[in-house]
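What follows is each chain in one-letter form.
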Amino acid sequence: MTSSTIALTVEAKTIISRRTVIIGAAFAALVSSMPTLADELAIEREQVELVAPPFVHTHEQATKQKPKIIAFRMETQEKEIVIDEQGTKLRAMTFNGSIPGPMMVVHEGDYLELTLVNPATNTTPHNIDFHAATGGLGGGELTLINPGEQVVLRWKATRPGVFVYHCAPGGLMTPWHVVSGMSGAVMVLPRDGLKDGDGRPLHYDRIYYIGENDFYVPRDEKGKFKSYGSPAESFGDTSDVTRTLIPTHVVFNGRAGALTGKHALTAKVGETVLIVHSQANRDSRPHLIGGHGDYVWETGKFSNRPETDLETWLIRGGSAGAALYTFRQPGIYVYLTHNLIEAVQLGATAHFKVEGKWDDDLMKQVRPPEPIAASK
Amino acid sequence: MLFLKFRLPIAVALAAPITCSAAMLALPTVKMIEPELIALKAGQVIYPPAGDFTRSGKPISAPPKTVYFARGLRIMKRQVTQAEYWKCVEDRGCPSAVLPGPASADKPMVGVSWRDADAYAIWYSGKAGKRYRLPADEEWAFAAGSRFRDEGWPAVDNTDPAQRWLARYESEFADEPIDKTPRAVGGFGANENGLLDIAGNVWEWTDTCFIRIRIDDAGEQTARTTNCGVRVVEGRHRTYMTDFIRDALSGGCAVGKPPANLGFRLVRGD
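First to last, the protein sequences are chains A and B. For the first sequence, position 95 matches number 95 in the working numbering, and the numbering has no gaps at all. For the second sequence, position 237 matches number 237 in the working numbering, and the numbering has no gaps at all.
Treat the hints as calculated values from the structure; they're not laboratory data. Keep in mind that this is a model prediction, so the values were computed, not measured. Take these hints with a grain of salt, some might be off.
From the structure, some residues in chain A lie toward chain B, with a derived Cβ separation under 8 Å [unchecked claim]:
id, residue
1, GLN86
2, LYS89
3, TYR111
4, GLN329
5, PRO330
6, ASP361
DSS-like cross-link-like pairs, simulated, lysine-lysine; straight-line CA separation at most 27 Å [stated by the list, open to error]:
id, chain 1, residue 1, chain 2, residue 2
7, A, LYS262, B, LYS180
8, A, LYS224, A, LYS79
9, B, LYS87, A, LYS222
10, B, LYS41, B, LYS130
11, B, LYS41, A, LYS222
12, B, LYS77, B, LYS65
13, A, LYS89, B, LYS180
14, A, LYS89, A, LYS195
15, A, LYS224, B, LYS180
16, A, LYS79, B, LYS87
17, A, LYS156, A, LYS195
18, A, LYS66, A, LYS301
19, A, LYS156, A, LYS68
20, A, LYS79, A, LYS262
21, B, LYS180, A, LYS226
22, A, LYS301, A, LYS222
23, A, LYS89, A, LYS224
24, A, LYS357, B, LYS77
25, A, LYS66, A, LYS195
26, A, LYS268, A, LYS156
27, A, LYS64, A, LYS224
28, A, LYS156, A, LYS364
29, B, LYS87, A, LYS224
30, B, LYS41, A, LYS268
31, A, LYS268, A, LYS89
32, B, LYS87, B, LYS41
33, A, LYS195, A, LYS268
34, A, LYS364, B, LYS77
Among the chain B residues that face chain A by a calculated CB cut under 10 Å, a handful are [to be verified]:
id, residue
35, GLN44
36, VAL45
37, PRO49
38, ASP52
39, LYS58
40, ALA83
Backbone N, C-alpha and C fix where the C-beta goes; we use that ideal spot for every residue, glycine too.
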């Protein structure tokens with residue numbers, strides 16, 4: 001380890017311990033005035049188990065129920081993960097052990113209640129900033145917890161759309177936690193479901209959640225990717241790499257190849273798929289090779305008219321978007337960021353495996369490759 | 001960065017392979033140790049030849065072909081090693097390459113293009129005073145024996161272009177993922193002919209060009225196009241690579257599974 005790395009490591013630990021003191025004080029003040037949740041809101045409450053992306057927990061697309069509290073529990077997990085086929089390791093920080101964190105689905109007018117847990121085995125404080133929530137730094141201000149603590153936050157879902165959530169412990173910690181994997185998405189559905197631009201209902205047969213991450217893995221003097229004993233040890237070098245703004249990896253769902261091969265996404269011809277794509281830190285340009293975005297909420301907010309027939313759409317860093325597509329032809333589709341260098345060399349590629357019957361009317365190889373015919 | 005030091009500028013790396021000249025042969029000789037050759041007895045191989053085949057406009061699996069090797073075949077027992085290739089680089093017979101560490105006499109040379117491998121064959125022939133070359137696809141199939149695998153095109157409805165594609169995707173990903181780190185020579189064992197590391201995690205360049213063959217309903221060849229800018233690569237499955245590619249990488253528009261590493265072995269050419 002170089003001397004500069006040691007210095008930065010020590011600094012990271014200092015930040016952590018200073019923050020610990022601050023949180024401790026904030027909590028002492030909060031606890032005394034905090035009423036119990038049950039007293040506060042006498043409406044129905046539903047506890048929902050989260051599932052790891054690209055899958056999404058069961059939910060109604062439109063609902064006739066009255067608004068209720070939808071309760072989720074998530075554990076922050078710090079762990080070493082492999083992010084490419086070469087075995088490159090990352091000291092990841094995660095929501096619920098997955099990158100991205102699981103998607104939470106509620107309806108407009110519902111209350112999202114999250115129990116956020118920071119197990120004692122972790123080494124740093126974590127919190128959560130919901131872009132869909134109003135006030136309190138998206139909840140970040142009220143959720144900062146040390147290892148060994150948990151916190152319960154409730155917020156009202158007032159705006160329909162797909163939104164990013166991420167860890168934001170403050171200062172240099174925020175970008176570091178985010179590029180270490182701590183982001184996910186919330187989907188707030190309109191109570192009567194999705195609509196096209198003319199108010200006609202839209203529905204999906206399948207939903208997939210793709211979270212894109214840019215990773216910044218330090219290299220040693222020989223150019224090989226380094227690995228570290230703990231998140232704190234990786235902090236100094238990683239910060240130096242993030243400062244270049246040049247990621248070493250741009251991947252979907254935490255790893256190059258996470259959504260290809262045996263893990264390819266599946267669909268059938270005639271099925272409609274909603275693809276939710278989030279990027280908490282950096283712009284991306286999803287594109288489905290051989291397909292389109294039939295209806296795309298590029299900025300992710302369902303009160304806006306969806307765009308139609310898109311070839312490529314932009315996910316602004318710090319946002320989520322949603323694209324609805326009905327598959328019309330079988331085969332392998334590549335879903336990637338149409339910065340092809342990042343897709344092919346840095347990893348941001350997923351595959352859809354679509355079963356069904358080929359439609360010659362949509363496409364036909366009229367003549368196979370053959371020697372060039374003599375011109376008339 | 002230090003690890004880039006050994007890389008030639010791209011323009012040089014992509015230039016035509018450096019050919020062996022009489023002057024080079026007169027240079028102080030590099031100490032040559034001839035690699036162990038396996039002498040395969042006369043025999044035959046029935047195999048689906050490399051290339052794209054269509055019958056009456058529809059893709060088909062290559063019709064099996066029988067090839068006789070009346071004089072047998074002499075082929076390297078193992079793949080060319082890093083140390084061997086590096087002698088060629090130092091002798092200016094081969095383009096430079098990226099090595100993970102000191103050139104090892106016990107590790108296969110990987111990260112080489114067809115052009116690099118061909119340059120090595122020419123340089124080595126000059127040094128050895130005997131002709132060595134890359135094997136033809138059928139020679140590789142003959143030597144690989146039971147470890148030979150073609151592209152794995154499954155027999156499916158050929159009027160639906162998506163079915164072959166889906167089935168192939170399934171079969172390529174049916175294998176367990178393999179560690180890309182090359183093993184020491186012999187790490188993947190020997191086949192029934194005594195050849196080491198066939199179909200391990202190092203794919204091997206062949207000399208065979210990519211061809212497209214059209215067959216009519218009667219089974220007669222009606223057209224053929226050849227592209228020698230793309231060569232057949234053999235290993236766990238057969239694939240085709242542009243001749244200047246050194247690392248097949250992964251992802252992107254090519255949805256198949258690419259070779260983990262690109263290396264080679266030579267055959268005696270006479």
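- Hints that the structure is at odds with (numbers, increasing): 2, 3, 6, 11, 14, 16, 22, 24, 26, 27, 28, 30, 31, 32, 34, 35, 36, 37 and 40
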